[in-house]
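Here's the letter readout for the chains.
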Amino acid sequence: MEILRVENIAKQYANHKALDDISISTQEGEIFGLLGPNGAGKTSLIRIINQITGPDSGRVLLNGKEITREDISKIGYLPEERGLYKKMKVGEQALYFARLKGMSKSEAKQKLKFWFDKFEISSWTNKKVEELSKGMAQKIQFITTVLHEPKLLILDEPFSGFDPINTELIKSEILRLKENGTSIMLSTHNMNSVEEICDSIALINKSKLIVSGSLEDVKKQYDSDVYSIQFKGMMMAFANSLWTGYDLIDKKQLDDNTAIAYIKMKNGNKINDLLKAVMPSVEIEAIHKVIPSMNDIFIKAVSGEKGGNHE
Amino acid sequence: MSNLGLIINREYSSRVKKKSFLVLTILVPILAVGFMFGAMWLTLEKDKKVNVLIADPSGWCNAQIYQSKTDNTNKNVVFSFYENYIDSVDVFMNEERFKEFDILVSLNDKVPSNRRVPVFYREQPSLKTEHYIQNRVESRLMEYFALKKTNISKDQYRAIKQPFDFKFLDGSDPTGEDYSSEQSGVGFAFAILTYMFIFIYSMQVMRGVIEEKTNRVIEILISSVKPFQLMMGKIIGIGLVGLTQFVIWLVLSGIGMMAIRFFIFTDMNDPGNWNVDAMNTGMVETNFESQTQSSDLVYLFFEAINWPLMLTSFVIYFIGGFLLYSAIFAAIGAMVDSETDTQQLVLPVTAPLILSYIVASMMISNPSSEIGTWFSMIPFTSPVVMMIRIAQGSLEGEFWQYIVSVVLLFGTFLATTWLAAKIYRIGILMYGKKASWKEVMKWIKYK
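Going down the list, the sequences are from chains A and B. So for the first sequence, numbering that gives the first Met the number 0 puts the first residue at 0; every next one is plus one. So for the second sequence, numbering that gives the first Met the number 0 puts the first residue at 0; every next one is plus one.
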């Protein structure tokens, strides 16, 4: 079921168009990745969804109804530009944000204890934020975002500033929240985590939507028909046997007698044709279809070219 | 608790709990009162026994000092006379026979012409003792020369010497005492207090906004609460901190004034103790000048000022003025990216405040000026200027001006808050540079 729908959103700032006719849709219980280079308009879109700013045109629907200010408490929002009061104690501060989200004092305290124990940060409760490292502060910010158990989480760059261990911790928490039925929209530059956790994505560049859909569909869309063949034998012999039906687009020498070649099919040739062509010259060890990584797709989509390449 | 309540609570308690607030609010007045108390105590109580030697070779004093009919002498000061020259001060300081004397009054033969009386001390006497010595010796000399050079009797001379008491009275209330200059002083003190409170606490609002903006906590807040709630919560919370400080100061100074009244001016509470008595007996009592002043102070503090009106007005005008200015300062905070950018925006806003301070100081000497009347009603200056008018009592019969002033002040506060909220709402999410006026005008027009 669709939880969030963004219809034809446009937003113009003084001299620059931040969003140009953006429409996206996210399903309940999925993790939706909002991708795009810096300045593409992701944060503007997220702010519009959160009712922090209004769009010039278009609308945002939550569960099929146009979103209102009152719906905001159902959303957990972790902004990209996030901060905490430096002079305030960690516990007090988390409690304050929780209560602003409408939780009662006792409920908030109870939930905070749960999360603080879980993240093993209970000992920080009476420390001031200025005594914490950036990563520590970000844990607190994450907790205050999810504390009130919102149905929809919007996380703007949730992994930025975390070390690998904490990135894994946050990632596993996001996946756990998903299992519990929370719908999540996240924006990130971390393409590995997109591959790991996102169900579908939307890619915005220069205020326009370029690609959107399930991760699988997007990858298919960017499938470039490239295979990697690992073989024993001479690269020269291998290349000569390809003739005109294939492009050797890259190669990698593993040791004196072993190499990997990246081949793009031409003229409707299939994998069997390729094997037939090269088998007489070399001894094949493995062959894989090269699936475009999100990183590739991102770079390609942003730089404007479609079609295949490999890592 | 509503979100607004939560924000007010945070703004208030995070400031009140700060050490600097406690120090400023509680320690400073205690120190100030303690210092005043101590200073008064020292000048009034430091009356050791003093032996005064009057070197009077010409015998002008005739071995007497001036004595009034009622025995009003200072028993701590004992006068002795030496009917010869003391050649130099070194002789007095060093010779064994003068060791018992603390002070030497040297009436040399040049005194009648150059009228300079050198007085040497071993250890500086209190101000009160100095006055007493001067008064007694001077009066005696005056009397001596008057009686010697003229034919009038001693009693006639004393009658002439009695000072005229000029009283400036309000024509419409001729029985009352005139304390207008003291009232102006108190009014000006309150004007400055209002000015400082408005300025300091409005600046705190601005700093709070900038803090939330620069450390980006604003993004988290704004996803839970409306910008208007956030702005008003901050303004109200900080305003309450100001009122708290004022109430604490009020209580402390109340205690301090009571203490001064009962410990230091104990013998002066009864007006019968002072100059009235002296008038009736025809005495010339100039050395009690300082004490009479103190009594005036007591009267001023406890009688001449309409304290309930004064304090209520302070609260009203602080609230009104603070709300008015803090809304503007909140907008400025939202327009800039760091505190260093605020300077040129703050200056034009504080100009009316500074102007009101100037007008207030001008009104000390000219209480019923027309400019004062106008500025006491114009919202941006009224909080400061009206305070001095209230203290001066120049509002009597023109109380409608007070009403107009308050209504205008709160009306303008609503208008500035409305405008400030529009700027604030957009400005808090704009990072990176200071907004230009053109941009700000656009923000105001945004839906």
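Keep in mind that a hint or two might mislead.
[As the list claims (entries may be wrong)] Restraint ranges, calculated between C-beta atoms of paired labels, are given here:
| id | chain 1 | residue 1 | chain 2 | residue 2 | range |
| --- | --- | --- | --- | --- | --- |
| 1 | A | G160 | B | K433 | 26 to 36 Å |
| 2 | A | E65 | B | I191 | 50 to 60 Å |
| 3 | B | W436 | A | E80 | 42 to 52 Å |
| 4 | A | K150 | B | L413 | 34 to 44 Å |
| 5 | B | W436 | A | Q26 | 24 to 34 Å |
| 6 | A | N125 | B | S367 | 33 to 43 Å |
In short, the hints are calculated from the structure, not lab data. Quick reminder that beta carbons are idealized off the backbone N, C-alpha and C, glycines included.
Has the hinted range 34 to 44 Å been met by the Cβ atoms of A:K150 and B:L413? holds (39 Å)
Mind checking the hinted window 26 to 36 Å against the Cβ distance between A:G160 and B:K433? holds (27 Å)
Cβ distance range 50 to 60 Å for A:E65 and B:I191, holds or violated: holds (54 Å)
Range hint compliance [Cβ, B:W436 to A:E80, 42 to 52 Å]: For B:W436 and A:E80 the Cβ distance comes to about 25 Å; the hint is violated.
Outcome of range test on Cβ distance (A:N125, B:S367; 33 to 43 Å): Violated, since A:N125 and B:S367 (Cβ atoms, about 59 Å apart) do not stay within the stated range.
Taking the beta carbons of B:W436 and A:Q26, is their distance inside 24 to 34 Å? About 46 Å separates the Cβ atoms of B:W436 and A:Q26, which means 24 to 34 Å is violated.
Hint compliance for this structure: hints 3, 5, 6 are broken, all remaining hints hold.
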